[in-house]
Amino acid sequence: MSVAVQGATGKGSREREQRPSLRERVKRSYAKHWYAYAMIAPVVLVLGALVIYPLVEGVWLTLTDANSLNVARKIGVNEIPASYNFVGFHNYADILWGPGSYDRFWSHFVWTIAWTAVCVFLHYSLGLGLALLLNKKLRGRAAYRMLLILPWAVPTFVTVFSWRLMLADGGVVNGILSALHLPEPGWLTDPWAQKAAAILVNTWAGVPFMMISLLGGLQSIPAELYEAAEMDGATPWQRFRHVTMPGLRAVSSTVVLLGVIWTFNQFNVIFLLFGTGAPDAQLLVTWAYRLGFGQIPRDYAQSAAYGVILLSILIVFTAFYRRWLARNEQANG
Amino acid sequence: MSTTTERPAPAATAAPAARPAKVRRRGESSPLVRALSHGTLTVASLIALFPVGWILFVSLGPDKTDYLHPGQILDKLTLSNYQHVLSDTDFFTWFGNALLVSGITTVFGVLLAATTGYAVSRMKFPGHKPLMWSLLVTQMFPIAVLIVPMYTMLSELGLLDSYTGLILVYSTTTVPYCAWLLKGYFDTIPVEIDEAGRVDGLSPFGTFWRLVLPLARPGLAVAAFYSFLTYWAEVPFASTFMLSSDKYTLAVGLQTFVSEHDAQWNLMAATAVLIAIPSAAFFYLVQRHLVTGLTAGASKS
Numbered sequence: 001m002s003v004a005v006q007g008a009t010g011k012g013s014r015e016r017e018q019r020p021s022l023r024e025r026v027k028r029s030y031a032k033h034w035y036a037y038a039m040i041a042p043v044v045l046v047l048g049a050l051v052i053y054p055l056v057e058g059v060w061l062t063l064t065d066a067n068s069l070n071v072a073r074k075i076g077v078n079e080i081p082a083s084y085n086f087v088g089f090h091n092y093a094d095i096l097w098g099p100g101s102y103d104r105f106w107s108h109f110v111w112t113i114a115w116t117a118v119c120v121f122l123h124y125s126l127g128l129g130l131a132l133l134l135n136k137k138l139r140g141r142a143a144y145r146m147l148l149i150l151p152w153a154v155p156t157f158v159t160v161f162s163w164r165l166m167l168a169d170g171g172v173v174n175g176i177l178s179a180l181h182l183p184e185p186g187w188l189t190d191p192w193a194q195k196a197a198a199i200l201v202n203t204w205a206g207v208p209f210m211m212i213s214l215l216g217g218l219q220s221i222p223a224e225l226y227e228a229a230e231m232d233g234a235t236p237w238q239r240f241r242h243v244t245m246p247g248l249r250a251v252s253s254t255v256v257l258l259g260v261i262w263t264f265n266q267f268n269v270i271f272l273l274f275g276t277g278a279p280d281a282q283l284l285v286t287w288a289y290r291l292g293f294g295q296i297p298r299d300y301a302q303s304a305a306y307g308v309i310l311l312s313i314l315i316v317f318t319a320f321y322r323r324w325l326a327r328n329e330q331a332n333g
Numbered sequence: 001m002s003t004t005t006e007r008p009a010p011a012a013t014a015a016p017a018a019r020p021a022k023v024r025r026r027g028e029s030s031p032l033v034r035a036l037s038h039g040t041l042t043v044a045s046l047i048a049l050f051p052v053g054w055i056l057f058v059s060l061g062p063d064k065t066d067y068l069h070p071g072q073i074l075d076k077l078t079l080s081n082y083q084h085v086l087s088d089t090d091f092f093t094w095f096g097n098a099l100l101v102s103g104i105t106t107v108f109g110v111l112l113a114a115t116t117g118y119a120v121s122r123m124k125f126p127g128h129k130p131l132m133w134s135l136l137v138t139q140m141f142p143i144a145v146l147i148v149p150m151y152t153m154l155s156e157l158g159l160l161d162s163y164t165g166l167i168l169v170y171s172t173t174t175v176p177y178c179a180w181l182l183k184g185y186f187d188t189i190p191v192e193i194d195e196a197g198r199v200d201g202l203s204p205f206g207t208f209w210r211l212v213l214p215l216a217r218p219g220l221a222v223a224a225f226y227s228f229l230t231y232w233a234e235v236p237f238a239s240t241f242m243l244s245s246d247k248y249t250l251a252v253g254l255q256t257f258v259s260e261h262d263a264q265w266n267l268m269a270a271t272a273v274l275i276a277i278p279s280a281a282f283f284y285l286v287q288r289h290l291v292t293g294l295t296a297g298a299s300k301s
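These protein sequence lines map, in sequence, to chains A and B.
In terms of the numbering used here, the first sequence has 21 at position 21, counting the first letter as 1, and numbering is strictly consecutive.
In terms of the numbering used here, the second sequence has 289 at position 289, counting the first letter as 1, and numbering is strictly consecutive.
Hints are computed from structural coordinates only; laboratory data are not their basis.
Small disclaimer: the values here were computed from a predicted structure and weren't measured.
Any given hint might turn out to be false.
Cross-link-like lysine-lysine pairs, in silico, BS3-like; alpha carbons within 25 Å at most [what the hints assert, rightly or not]:
id, chain 1, residue 1, chain 2, residue 2
1, B, K76, B, K64
2, A, K32, B, K129
3, A, K27, B, K64
4, B, K129, A, K27
5, A, K32, B, K124
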């Protein structure tokens, strides 16, 4: 009953043997790996029951015309059976190129992409800048870190609410702008200002995570590398470019991926800042929620179809991103 | 908040050898750079602090439009909003519900995730790669893709409007993420420790439980913090699935509060501050571990 510890035995013995029968292999695999399987079983069960099953059900819903009027439901003691029909790919076709698909899907799509790109860029660059500063030997470094982390320590729900009060017409942000004789946009009402406000709030809320992750990455770069670079007469910029950035590559690739996923699916900021109003500033994910739960009758099928489309976009992006990372890794050794 | 940050200025090598007293040690910067760094960090800290401080300030003003005239609040600072929220609303019920749901989700999520994180970190087994992929893909689920089927599923099981239902729903995202995070943390614990435990006759479970888990406390703290913070004031699922007001969690309760009292912003502000306190407290308990815990997860995954 050997448990394969990483880097230990395991490969050699398997290659030497002839391929045994399937039954035999399953048995042997079980005998050899049962510890591993026992350890992952809880998560696999949770994933299966709570993610895969609903996902399959959700995909099935997208092929129907289910809404809150025709799904199975209870009214008092009467049970009304489901009466929705299979409609094939009609929902997808309708979303992607049906009448009005520009207003319903593509405008939100473009905005979601722009939002993700701008927010992740700002998160990363501001986070990196602050992390570099915090990584220096400065007095009061710990205090700065505590303060800078604050937007993350307080629930989004609370901070977004605070921003809403600050950005309201006549709120403190416009108060400051008017004191400086600058224009005072209607942050919560004007379509373009809404988008700017959403990006502002999300950037504010998202920088600490990047900052802390990158700070950890910076601290794990061995000091000897900097010493060696200095001995070779590298300028500060060269040290940043050729020591810091490569040293951060692993952390960066992960946090950027997570950042893209989280920002793309960011629900709280938009939902709490504007509610279900502000049609122009709705991201695909909040738009989908609005179809499913913010209107009557609730359009479950279309809402789920949006969800599936979103998920597909992210999976395709991740696949390309990882391939791109792997190729970069090769190119840079 | 500028992003173009100052790099450490050229240190010892540049200084002439004739004035050894002036030579700066490695990593120390010139006074100008130091002043600029302090300036940038101070401005950034103020920006980070301001909205949180602002809501605290607004919560002390007694009228619902006080947030528009912040100057007037100074003259009439009062705790009456807190008094009202604590004594005349269901605040404590909501508070208890939120604590119950996010607390159980946290414990459940971290416990379940820990063994899996350990298994994928240490052992090679058929299905290793697909499992890692599915842990990642689960992160990508937009709420729209699960919320509808979850809703129908829970209503069939009669779990709508129940704590169990909400905890199950929360587990879908917290368990895979914690497993991913902890896998990264376990990767940083040397394998030699496991091997030593094995040589001394511990089973893999014993090794995990007695040797690795205690060493992984920072990672566990970060995972717990993440789950708690995410679900403590979660809105969309809670407001969709919790239907009766005695089951509301804080974030949902607060929403109804607006329509009931026709947007009494001052009361909302006070409630929001009360909501922020437990999570901030928890946060500062684990923040010591935050840097190590998080990056371990990020750098090795």
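Which constraints among the numbered hints does this structure fail? Numbers only, ascending. Number 3 only.
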